[in-house]
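As they're listed, the protein sequences go chains E and Z.
Numbering-wise, the first sequence is residues 5 to 382 according to my numbering.
Numbering-wise, the second sequence is residues 36 to 428 according to my numbering.
Read the hints as simulated data drawn from the structure, not as lab findings.
Here the structure is a predicted model, which is why all the values come from computation and not from measurement.
So the derived label-pair ranges between C-beta atoms look like this: (1) R357/E - V333/Z: 50 to 60 Å; (2) G269/Z - P56/E: 24 to 34 Å; (3) V333/Z - P44/E: 34 to 44 Å; (4) P273/Z - P44/E: 18 to 28 Å; (5) P44/E - K202/Z: 28 to 38 Å; (6) P44/E - Q159/Z: 52 to 62 Å; (7) F238/Z - A287/E: 28 to 38 Å; (8) V369/E - V382/Z: 34 to 44 Å; (9) R190/Z - H50/E: 34 to 44 Å; (10) P56/E - V338/Z: 20 to 30 Å.
Incomplete in silico selection of chain E near chain Z, CB under 8 Å: (11) H46; (12) G47; (13) H50; (14) P56; (15) G60; (16) G91; (17) P99; (18) V102.
Glycine is no exception: its CB is placed at the ideal position from the N, C-alpha and C atoms.
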Amino acid sequence: MTKGPLYAITALFDTPDAVMHAAGETAKVFTHYDVNTPYPLHGMDHAMRLRPSRMGFFALAFGLLGTVSAVGLMTWVTLVEYPMVIGGKPFWSWPAFVPIAFELTVLLASVLSVVAMIVIYFKFPNNRHPLHDTMYMRRVSSDMFGVYVKAEDPAFDEQKVRGHFARLGATQIDAVYFIVPEETERPKIFEPKFLGVLAVTAIVAMGATYVTYNKLLYMVPFNWMSDQAKLKAQKPSDLFGNGIGMRPPVEGTVARGFLPYPFKGKPDDAGKYLLNPLLPTAAVLERGKSKFLTYCSPCHGNFGSGDSRLAGQFPSPPTLHSDKVRNWPDGNLYHVITEGQNVMPSYATQISREDRWAIVHYVRVLERAHNAKESDLR
Amino acid sequence: MSTTAIPENVKRPMPPSVVHLGWFLLAGGLIVFLGAYVTDARRAAFDNVILLLFLASLAAGSLFLVALEHLAGAVWSTPMRRLIEFLAGLTPLLPLVGLPLLFHLHDLFHWTHAEVVAGDQILQGKTAYLNVPFFVLRFFAVCLTWLLFFWLFTRNSLKQDRTGDQKLTTRNARLAAAFLPVFAITLTVTAVDWGMSLEPHWFSTIFGVYYFAGTALAAVALATLVVVYLLDAGYLPPLRGDNLYSLGALMFAFVNFWAYIAFSQFLLLWYANLPEETFWFMHRWEHGWQVVSISLIVVHFAVPYFALLPQEAKMDRKRLKIMAIWILAARLVDLYWLIMPSFGDSVTLGWQELGIPLVATGLVIVVLAWKMQRHNLVPVGDPKLSRGLDFRL
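Could you put the whole structure together from the sequences, leaning on the hints where they help?
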């Protein structure tokens, strides 16, 4: 590296008060100057007669960008891309957006402001500044306070600036020159040593990750939690004579409440032989209504008309008020709940037998309400 | 660096015309309240609760600001700290403001009706806290605690005016550290007792913080108002926009904090959608309350937020003055929105409610006048004062 033309004259001061005074005096004479201090000095912008920073407008714009993109994304997702009912709330539930919009506003406002500051004020990616790597910069970033006047200042004259700083009581005055990069100089990032260290670090990190997730987690003591004295399904066991861990039920018995459904795949037989064991009392109907609203209404609608929110998004769920369903015997309805039909899955594991019969009663009530006879209205 | 001379003795009473205005407003407000109590005691009691919570905000909030300065070692606020101490002088009046309410507990609180509690399992479970003797005890205990700290803070501060003893600053800082947790508990108790227990079935764990957000905001707004007025009238040594900036920034911060807390409370109840919680907001959405609820968002958040957003707004005396008055008015709207739905289903606003701002304004002026007559307006003995007068952002 060789010295280029003069960049600036720098001056170091011992105390904050001295540099504050020097900044004020320098501002009277020069325009292309700056102050460096190890920590923020209150009142410096006033002493330097700086106009209010415009960073605030950047922050505002970035913040609004965050708000708009958060609200926009969630609006698009919930209204256009994947409308979904959550907790029975409307698709466009703005209160739920507020925390996310708030966070994204803060995030973009802060992060992008820093990026903008680095790009606009520090002229990133240019990281070669004449003041870097000087004694001046070393001191002002630890224990002294500095002012410098650039050579490009219209009122600049080397002797005049030196005299100016000396009068203000500077403890050290230096000249700083532009750095001219040599032609042969390669960017440090391509040095073999650096690349080697980078490669080694990458390999070590990948290896450590692999070992941790694939080996270490299955070693003592990390596997203690999964090592439990119990039998797992489908695993062998020495406890039993035949070496099989899982025990078959005693031959010729059925567990309580697990009697197999005798009409599997036979809806007509179900209709013919099954009778509703429950009486349509108020309690049974209430039970049926509650279960209907939980399990049936999401597709068939609250009144069984097939008009739920899902209508149009799947093969439309049928109405329960068709002649076909109304003329079915109770057993057929029970059979469809138990086994499912077309797209409808089996509800046998979710709704108990009694509840299924209660639902059948309630469906009958709904059907009657929709097709009331003359005598019902009287 | 230029240094502002520290004034030796700054004592200047309020002009008699303003003091008279204060007494006049106070008397007018008391007459309104008397009339309200005679015509409809139950309604007057609810208005009285709003007044109590508003004045408690100003008094305890001012104590909080004083403690905050001591604890943080803040410099910018030292030249105006004495005025905030004056405003904390509202503390001794709180028991008087609350006194009429103790005779109307039956009108205010559902849970004081023994026959209702007997048939209500939820209220029965809360009787350990919600019973009249403990309630009255809590009220006086809270008032006494605040009074004690007010007395200690101001005694040390005034003593320093005469002696200039720097140890008093350290003592006040330690006192502030002790006060802040006490403040958190007492303010929560106040909010729960006088605000939340009006609807004893409802509960919100954030309610105390909600009241605190408003309290701090009201105190900063009142401090800003008084400081800027006295500054304009030449009562204080010249302060720069740099000192005022922090007042504006605190107002802005607490406007945001209030909105943050208010929305947090709403969001959780809205999300969970449980009938035993949502009825509180439903109550504030029906029978005309919808207008009050929406205007609260505009008045208490949107307007002050955008008005205080630019940096100049936080330094400009005129704008600060307008926003301080605006925020104090918004605090009344918030408390009205908080308390009055418990009085009746529909929005009730009439001459009876006029007593609240009248008494509050009157009391602030009278207390301030009384204090200004007796004490220095600036803590002249405080070692931080000269730095405070030269404060730069």
